[in-house]
Structure formats: C-alpha cells, structure tokens
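Chemist: Assemble chains L and D onto chain Z, guided by the hints.
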Amino acid sequence: MSNLLILVPFFSVILLSLIFRVKMKGAAFILGAALSVLQVYLAIFYSNAVWNNSPFLFSNFLKLNLVVDNLSRVMLLSIGIVSFVTVFAARYIIRDEGERFNFINLLLIILAGLNGIVLVRDIFSLYVFMEVVAVVSFILIAFNKDIRAFEGAYKYIVLSTVATVLMLTSIALLVLIAGSTEFSAVSQAIKNSPHGMFVMSAAGLFICGLFIKAGIIPFHGWLPDVYSEAPPPASILLAGIATKTVGIYTLIRLVSSVFCFDSRINYVLMFVGVVSIVVAALASLGQNDFKRMLAYSSISQVGYIVLGLGCGTPLGLAGCVFHLFNHSIFKSLLFVNAAAVEFKTGSRDMNKISGLASGMPITATTSVLAGLSAAGIPPLSGFWSKLIIIIALWGAGFYGYAVIAALASILTLAYILSMQRRVFFSKLPEGGQDIKEVGFTLALPALILGAITVGVGILFPFILNTFLSSFAFP
Amino acid sequence: MDANALNIFWPFGLVIMMLFSIGIYCILATYNLIRALIGIELLIKAVTLLIIVVGYINGRTALTQGLVITLIVVEVVIIAVAMGVVLGIHSKNNSLDSRNIRNLKG
Amino acid sequence: MEINLIILAVLVCSALWTVMARSLLRSGIALAFTSAVLSIIIFRLNSPLAAVFELSVCAGLISVLFVSTISLTTPLTHKEVLKHMKARLSRFWYLPLILAAAAILLSRIKIDLNLNLPAAETENDARYCLWHLRQVDLMGQIIILLAGAFAVVILFREARKNGR
Numbered sequence: 001m002s003n004l005l006i007l008v009p010f011f012s013v014i015l016l017s018l019i020f021r022v023k024m025k026g027a028a029f030i031l032g033a034a035l036s037v038l039q040v041y042l043a044i045f046y047s048n049a050v051w052n053n054s055p056f057l058f059s060n061f062l063k064l065n066l067v068v069d070n071l072s073r074v075m076l077l078s079i080g081i082v083s084f085v086t087v088f089a090a091r092y093i094i095r096d097e098g099e100r101f102n103f104i105n106l107l108l109i110i111l112a113g114l115n116g117i118v119l120v121r122d123i124f125s126l127y128v129f130m131e132v133v134a135v136v137s138f139i140l141i142a143f144n145k146d147i148r149a150f151e152g153a154y155k156y157i158v159l160s161t162v163a164t165v166l167m168l169t170s171i172a173l174l175v176l177i178a179g180s181t182e183f184s185a186v187s188q189a190i191k192n193s194p195h196g197m198f199v200m201s202a203a204g205l206f207i208c209g210l211f212i213k214a215g216i217i218p219f220h221g222w223l224p225d226v227y228s229e230a231p232p233p234a235s236i237l238l239a240g241i242a243t244k245t246v247g248i249y250t251l252i253r254l255v256s257s258v259f260c261f262d263s264r265i266n267y268v269l270m271f272v273g274v275v276s277i278v279v280a281a282l283a284s285l286g287q288n289d290f291k292r293m294l295a296y297s298s299i300s301q302v303g304y305i306v307l308g309l310g311c312g313t314p315l316g317l318a319g320c321v322f323h324l325f326n327h328s329i330f331k332s333l334l335f336v337n338a339a340a341v342e343f344k345t346g347s348r349d350m351n352k353i354s355g356l357a358s359g360m361p362i363t364a365t366t367s368v369l370a371g372l373s374a375a376g377i378p379p380l381s382g383f384w385s386k387l388i389i390i391i392a393l394w395g396a397g398f399y400g401y402a403v404i405a406a407l408a409s410i411l412t413l414a415y416i417l418s419m420q421r422r423v424f425f426s427k428l429p430e431g432g433q434d435i436k437e438v439g440f441t442l443a444l445p446a447l448i449l450g451a452i453t454v455g456v457g458i459l460f461p462f463i464l465n466t467f468l469s470s471f472a473f474p
Numbered sequence: 001m002d003a004n005a006l007n008i009f010w011p012f013g014l015v016i017m018m019l020f021s022i023g024i025y026c027i028l029a030t031y032n033l034i035r036a037l038i039g040i041e042l043l044i045k046a047v048t049l050l051i052i053v054v055g056y057i058n059g060r061t062a063l064t065q066g067l068v069i070t071l072i073v074v075e076v077v078i079i080a081v082a083m084g085v086v087l088g089i090h091s092k093n094n095s096l097d098s099r100n101i102r103n104l105k106g
Numbered sequence: 001m002e003i004n005l006i007i008l009a010v011l012v013c014s015a016l017w018t019v020m021a022r023s024l025l026r027s028g029i030a031l032a033f034t035s036a037v038l039s040i041i042i043f044r045l046n047s048p049l050a051a052v053f054e055l056s057v058c059a060g061l062i063s064v065l066f067v068s069t070i071s072l073t074t075p076l077t078h079k080e081v082l083k084h085m086k087a088r089l090s091r092f093w094y095l096p097l098i099l100a101a102a103a104i105l106l107s108r109i110k111i112d113l114n115l116n117l118p119a120a121e122t123e124n125d126a127r128y129c130l131w132h133l134r135q136v137d138l139m140g141q142i143i144i145l146l147a148g149a150f151a152v153v154i155l156f157r158e159a160r161k162n163g164r
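Residue numbers (my numbering), protein chains in the order written: chain Z, 1 to 474; chain L, 1 to 106; chain D, 1 to 164.
So here's chain Z without its partners, still in its complex pose (with noise of 0.2 angstroms):
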C-alpha cells in the first residue's frame, strides 16, 4: 500500500499533463491540495501494518520493496501539511494560471520523491529519488526566471552535484565490502568489516555529500542564495521541506540504521551541529533581507537537529525528530508569512518595511507564533523539543555542548525579536496606511500552521509517545 504514496502523485501528473493541459488548469490545484490532505490524513489514521500490507497486485506486479515505521510516518505528515501549504500559497501568489499549473505540476513530482526518500530502504534509490527532489528544486528555483534566480539555482545545481559526486564515491566503497545497496545488508557488513578506516572513510563522504546537501555550515554557500532568491511558494517548499528532508531525514535514517551510532561520528555531528547553531545565528542577526534572515535560522535550527542526532541516545533522537516537525511546521509558516509582506509591499529589505502589524494582523500574529516556538518560548511546541534535546545533551555527559545549546536560544530570540520589531511593530512609514491583510487562500495556510504550532505545544504529553517510539534502536 505504501507504493500509492510514490504512484499516485506520479499519475496525477501525467493525467493533469495528458488531460487537463488544454482546459480546466484549475484541476491542478484542486488535486494538488486533495493529495496533500490526504496523505496528512493516511500517515496519522493508518497504522504501520496496515501500510506494509501490500494487497492485490501489488506484490506480484510492482516490487517496489518500500517500508513504513513511525520515523517515516512523521515525515509523510510533514511533508503532507507543507505541500498544502504550498498549493494554497502558489495559487495566491502565481496569478498566472499556465505557470500555476506547471507549478503544481512540479510540486506533485516533488512530493512523489520525498516520499520514495521517506520509504526506501536501499541506498542507491535513495541516491535516486534525492535527485528526483533535487531536479525539481532546480527547476522551481529557476522558476520565475530572472537573473538572479538563475544564478543560486547554478550555483545549487554544482553543489548538489558534487555532493552528489562524494554519496557515489561512498556508496561505490559501501557495494565493495557489501555487495549489495539494502540497509540491512550494508549495515551487517559494516559490523563485521575488521578495516575501519576503510568503512569510516566511506561513511564520512557520505555525511559530507549530506551536509552539503543540508546546508549545514562548513558548507552552507548555496543555501541563503537559494532560499531567499526562489520564488515565494518554491522557498516555503524548498525551507520548509526539500531540503531537510533530503539532507537531515536521510543523515537521521543513514547514522541510525546503516553506520549504527559510531562514537566518531556522533562526535562529528555534534561539533558541527554546535558550530551551525552559533555561526548561523550570529550571521543571521546581522542580516537585512527577510527571508536571507529566515535562510540562516534555517541552519541555526538544522544545528539543533544534528546535534540531538549526535547525542544517540534515544532520548535525543526522539528530540531530534520531534524538533525536525517543528521546524518543518514554524519554517514554513515563517516563509508564507515572508511570502505574505514580498506580495503586498514588494520589498524583502526590512530596512524599508515597517509597522506591518496594523494592516497586516494575521500575518504579524503567526509570525510572532512561528517566531517564539523557534526561539523555544513555553508553551510552543519548539519549545519542547529544543527542551528534549538539551535535557538528552545533559544526560549522556555533554554538559558543554548543552550550555551552548541553551545559551544559543537567546540569539534566536534576539534575531526574531528584532526582525519582528522591524517589520511589524515599528512606526508606520507615511503612506503606508493602504496596505491590507493577504487574501484568505494565504491566510488560511497560516493561521493553519499556527493552530499545529500552538496545538502541539499544548498537547505535547499526548504526543511524546509517538516520537519517542519513532526507532527500533539498534
């Protein structure tokens, strides 16, 4: 049953494509927003056994070896609710009604390859499908074709590649001593290997491929650019989703179930999830694009991430994923609201806009929502799994690495803050009384968003569980 998540978006492509070209543009979004309810839908109310069940056909005809468990289900939710955001978003912002429907056309091929992200468990079809994400996301980037656009997607295209080029070099080194790309297989050959310099050098240029591809610090050039230069909804997908799923999912999936948790690597990963946390968000206060400001506490919160994977006890895995929902949910939410203030006033620079809360009520409240529950203010759901990240920093010893942590929360707010205070509760600029709250089809997503952000938050006890259960730990 879980092949429907990658056919059924790849059919309903090829039909808008075949059928609905000529007329009826509309159906695209219609279908576009029925699939990503839908799938919300099947990854909360189905359960991992009614998912593997494969029925009828299926395991005669189509072998396509996918598999289901809680840490997949929680991505399928995620990337549900972001691109039905983005469907909403794109049908506010692109008033063309021919590149909307290429649009969500590419949004469907997207959304069919983060879930064979999600579900594979063979390396080489990861490989695959992340470039299926990374295909899209060049072409989304490029989307609206001006030159500055096009210059990030370049520069996104030979980055990815050459991460792509170091995955390979790994995975080649991988088949060498395993002879076969499953996990189950790779991971036993890694356990019985007796060269670990061999499988170590392997498993690091895989997580470099991925780090390039997450944006994490060392090697974050590509990410401000794209972010901040793709078109609004293509940067709520691509910060919202694309690229965690591509870079932090697979890192989550790779360490936990094919290297097991080696001590080196954990080492790694924290010290370069501390470093993303600082860095980024010392850069990130020092920036006067809004959504170049939102691209680097994209990475600051990709560090927190990391560093909870580093950790490796299953408290802060638990953290760690939880805190990947949650910033999947306030990222975006904080990018439809950029979305929201680029349409009406047509400016990024937050120097020139101001005092937005009056006109725009909507937007400044989610906004505030969204910024809070990144910064970890209490009863917003970041507030929670930053709080499980640090407490499962603490408790496996790295008192250090905890403080930093914690410490780091108040960069965050201080960056927020101020963007909020110069964007939104600032003094009206003269003439700027005209502008008005965005249109309910933007509006709703929003409002949406902040009722998950508060919701979770408040619910959290409720929903622990199903995080922390999220791994068959090795």
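Among the hints, erroneous ones may be present.
Using 25 angstroms as the maximum straight-line C-alpha spacing, the simulated DMTMM-like pairs for lysine to aspartate or glutamate come out as follows [what the hints assert, rightly or not]:
1. L:K92 <-> Z:D349
2. Z:K145 <-> L:D97
3. D:K79 <-> L:D97
4. Z:K436 <-> Z:E342
5. L:K92 <-> Z:D96
6. D:K86 <-> L:D97
7. Z:K23 <-> Z:E97
8. Z:K344 <-> Z:E97
9. Z:K436 <-> Z:D289
10. Z:K145 <-> Z:D96
11. Z:K25 <-> Z:D96
12. L:K92 <-> Z:D146
13. L:K92 <-> Z:D289
14. L:K92 <-> Z:E342
15. Z:K352 <-> Z:E437
16. L:K92 <-> Z:E99
17. D:K83 <-> L:D97
18. Z:K63 <-> D:D125
19. Z:K23 <-> Z:E99
One-sided excerpt, in silico: chain D residues whose CB lies under 7 angstroms from chain Z [unchecked claim]:
20. Q135
21. V136
22. I143
23. I144
24. A147
25. F150
26. I154
Label pairs and their in silico Cβ distance ranges [stated by the list, open to error]:
27. D:F156 <-> Z:I19: 22 to 32 angstroms
28. L:I8 <-> Z:L282: 49 to 59 angstroms
29. D:I142 <-> Z:Q188: 25 to 35 angstroms
30. D:A101 <-> Z:S418: 43 to 53 angstroms
31. Z:M1 <-> D:H132: 12 to 22 angstroms
32. Z:R21 <-> D:Y128: 30 to 40 angstroms
33. D:R127 <-> Z:H195: 32 to 42 angstroms
34. Z:K427 <-> L:D97: 39 to 49 angstroms
35. D:W131 <-> Z:P461: 41 to 51 angstroms
36. Z:S201 <-> D:A101: 15 to 25 angstroms
37. D:R127 <-> Z:G455: 50 to 60 angstroms
38. Z:S47 <-> L:D97: 48 to 58 angstroms
39. Z:L417 <-> D:I142: 44 to 54 angstroms
Simulated from the structure, these hints should not be mistaken for laboratory data. Note that CB positions come from ideal geometry on N, CA and C, so glycine has one too.
Modeler: Same frame as chain Z, now just chains L and D:
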C-alpha cells in the same frame, strides 16, 4: 575473491583519483559556466568507473551495471537542466563569465 | 592487463585534454572522446550493457547537449581565450604539479588492502537485476525523466523567448 583482484584494482584506483582531481581542478580553475559543467561531467565519469571496477572486483557486475545505467539516466537529466539554467543566465547577462554572477554573497 | 593500462593512460590524457583545451567546443568534443574511451574500459570489465549506455548516452546525447549549448552562446574571441588561459595558469599553476607529484607518489605506495569481500553473486544477468530486483530505481528514473520534460518546457521555452 583473492588478493589478486585487489592488485588489479590499483591502477584503476590511481586513474580514478586522477580523474577526480582533474575534474575538481576544472571546476575550481575556470570562470566559464559551461566549463564548470564539463568538470562535473568528469567527476561523474570517475564515479562511473569506480562503480564498474567495484562490480568487477567482487563479482557483482549485474548489480553494478544496473546502478550505472540508472546513474547515466539521472546524469543526462541533470546536465539538461543545468544547460537550461546556463542558457537562461546567458540570455540575461550575455556572458558566461562566473565573475559576473558573484554579486550573490555567500 | 597491458592493454588495460594503455587504455587507462589514454583516458587520463583525454581528460587532461578536455580540461586544457582552449576553445569550449574542443573541450566538449574531448569530453565525448573521454566517454568513448571510458566505455571501452567498462566493456573490458565484463559490463557490456553499461558500456552501451555510456557510449550512446554519455558520448552521444550529452555531447550533443554540450555542443548545442556552446553554439547557442556567443563564443569568446581568440584574444580573450588567451587572456583567460594566462590568468588561469597564473592562479593555479601549482595544481598540475601537485597532481603529477601525487600520481608518482601513489604509484610507489602499495597499500595492502585485504578486505573481506562478499561471495560472488549467483544471479549474473543485469537485465534481470534491473527489471526484477531494482524496480524502485526504474520508477525513480521514470519520475526524473518526467521532471526533465518539465524542465525543458519551463526553462528552454522561456530562454528562447528572451533570446528573440
């Protein structure tokens, strides 16, 4: 497999490393957008050779051939998209010099 | 074995030619030649199917892509090319030296790699492997080709419109 197979690997490994460094040199040393893509092509060639050699050594040519065929298809699509982007830059900037696009700060 | 060594030497030489060629067009053609040599090596390593793909797709299709893009864009004049070459040589003159030194050094060292290799596979047909065991890769290929089709629709059409 015996040690003999790994002795065969050695000249191939050397060539693969040289191809890697040539490709990286090509990406670093040029200002031309298309030439950087040629460097990427060389890197992918090196990886293709590595996968095939691995299959030859541990006797799984069936598996590695499957992998290489998929890799080649993916490579074509990526190069095609990159060409689209390069043509886009050229039509706006009228140059292929990457120094003209360094107005993006890292 | 000697034949393999000769072909490998040719491969490295043609890769160097690809990088060092003055005009982009020659670079593209050299890349196609590199691909062709690589496909001979792949064929000699018991992988005929992959060799066919490498020859037809990489040496054929990709060079067509490169050559057409190069001819669509304005080429540099001879003087500019010379200037670029000089600038490049002055910036990176040490890289070929490092490469040569590394090659000499590495060919001297023989690391004794005694890996535990897995037992040889029983199934030895690449077609069976691709169609029966790796269907998910095929699915991925089809999806990525679809994405490529959209790329052509979106990027190339607009590039042509602006070029007019």
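Chemist: Next step is simple, just say for each hint if it's right about the structure.
Modeler: Here's how the hints hold up against the structure:
Of the pairs offered as hints, the one joining K92 of chain L and D349 of chain Z holds, with about 24 angstroms between alpha carbons and a cut-off of 25 angstroms not exceeded. Note on K145 of chain Z and D97 of chain L: the hinted pairing holds, with a Cα-Cα distance of about 18 angstroms set against a maximum of 25 angstroms. With a C-alpha separation of about 15 angstroms, the suggested pair K79 of chain D and D97 of chain L falls inside the 25 angstroms cut-off, and the hint holds. Proposed proximity of K436 of chain Z and E342 of chain Z is supported: the alpha carbons are some 13 angstroms apart, at most 25 angstroms.
Between K92 of chain L and D96 of chain Z the alpha-carbon distance is near 22 angstroms, which keeps this suggested pair within the 25 angstroms criterion. For the hint pairing K86 of chain D with D97 of chain L, the CA-to-CA distance comes to about 16 angstroms; that is within 25 angstroms, so the pair holds. A distance of roughly 11 angstroms separates the Cα atoms of K23 of chain Z and E97 of chain Z; the hinted pair therefore holds under the 25 angstroms criterion. The suggested pairing of K344 of chain Z with E97 of chain Z holds, with an alpha-carbon distance near 20 angstroms, which does not exceed 25 angstroms.
Taking the CA atoms of K436 of chain Z and D289 of chain Z, the gap is about 22 angstroms. The hint holds against a cut of 25 angstroms. For the suggested pair K145 of chain Z and D96 of chain Z, the alpha carbons sit about 14 angstroms apart, so the restraint of at most 25 angstroms is met. Proposed proximity of K25 of chain Z and D96 of chain Z is supported: the alpha carbons are some 11 angstroms apart, at most 25 angstroms. At most 25 angstroms may separate the alpha-carbon atoms for a hinted pair to count; K92 of chain L and D146 of chain Z meet this at roughly 8 angstroms.
Of the pairs offered as hints, the one joining K92 of chain L and D289 of chain Z holds, with about 24 angstroms between alpha carbons and a cut-off of 25 angstroms not exceeded. With a C-alpha separation of about 23 angstroms, the suggested pairing of K92 of chain L with E342 of chain Z holds against the 25 angstroms cut-off. Annotation: proposed proximity of K352 of chain Z to E437 of chain Z holds, straight-line Cα distance about 18 angstroms (limit 25 angstroms). A distance of roughly 20 angstroms separates the Cα atoms of K92 of chain L and E99 of chain Z; the hinted pair therefore holds under the 25 angstroms criterion.
Between the alpha carbons of K83 of chain D and D97 of chain L the distance comes to roughly 13 angstroms, so the proposed pair stays at or under 25 angstroms and holds. Taking the CA atoms of K63 of chain Z and D125 of chain D, the gap is near 18 angstroms; set against the 25 angstroms cutoff, the hint holds. A distance of roughly 14 angstroms separates the Cα atoms of K23 of chain Z and E99 of chain Z; the hinted pair therefore holds under the 25 angstroms criterion. Checking Q135 of chain D against chain Z: minimum C-beta separation of about 6 angstroms stays under 7 angstroms; hint holds.
Taking 7 angstroms as the C-beta cut-off, the interface hint given for V136 of chain D holds, the closest approach to chain Z being about 4 angstroms. The closest approach between the C-beta of I143 of chain D and any C-beta of chain Z is roughly 5 angstroms, which is under the 7 angstroms cut-off, so the hint is satisfied. The interface hint given for I144 of chain D holds, since its Cβ lies 5 angstroms from the closest Cβ of chain Z, which is under the 7 angstroms cut-off. The beta carbon of A147 of chain D comes within 5 angstroms of a beta carbon in chain Z, closer than 7 angstroms, and the hint placing it at the interface holds.
Restraint check, F150 of chain D versus chain Z: the minimum CB separation of about 6 angstroms is within 7 angstroms; hint holds. Because the beta carbon of I154 of chain D sits about 6 angstroms from the nearest beta carbon in chain Z, less than 7 angstroms, this interface hint is met. Taken as a hint, the range 22 to 32 angstroms holds for the pair F156 of chain D and I19 of chain Z, whose Cβ atoms sit roughly 24 angstroms apart. Judged by the Cβ atoms, the range 49 to 59 angstroms given for I8 of chain L and L282 of chain Z holds: they are separated by roughly 51 angstroms.
Between I142 of chain D and Q188 of chain Z the beta carbon distance is about 31 angstroms. The supplied range of 25 to 35 angstroms therefore holds. Distance hint check: the CB atoms of A101 of chain D and S418 of chain Z are about 51 angstroms apart, consistent with the given range 43 to 53 angstroms. One distance hint, 12 to 22 angstroms for the beta-carbon pair M1 of chain Z and H132 of chain D, holds here, with the actual separation near 21 angstroms. Look at R21 of chain Z against Y128 of chain D: about 37 angstroms separates their beta carbons, and that is inside 30 to 40 angstroms.
Distance hint check: the CB atoms of R127 of chain D and H195 of chain Z are about 33 angstroms apart, consistent with the given range 32 to 42 angstroms. The supplied range of 39 to 49 angstroms is met by K427 of chain Z and D97 of chain L, whose beta-carbon atoms lie about 44 angstroms from each other. For the hinted restraint 41 to 51 angstroms between W131 of chain D and P461 of chain Z, the CB-CB distance of approximately 50 angstroms keeps it satisfied. In this structure the supplied range 15 to 25 angstroms holds for S201 of chain Z paired with A101 of chain D, their Cβ-Cβ distance being about 22 angstroms.
Remark: the range hint 50 to 60 angstroms for R127 of chain D to G455 of chain Z is upheld by a beta-carbon distance near 52 angstroms. At about 57 angstroms, the beta-carbon gap between S47 of chain Z and D97 of chain L stays in the expected band of 48 to 58 angstroms. Distance hint for L417 of chain Z and I142 of chain D: a CB-CB separation of about 48 angstroms, consistent with the stated range 44 to 54 angstroms.
The structure fails none of the hints (numbered hints given earlier).
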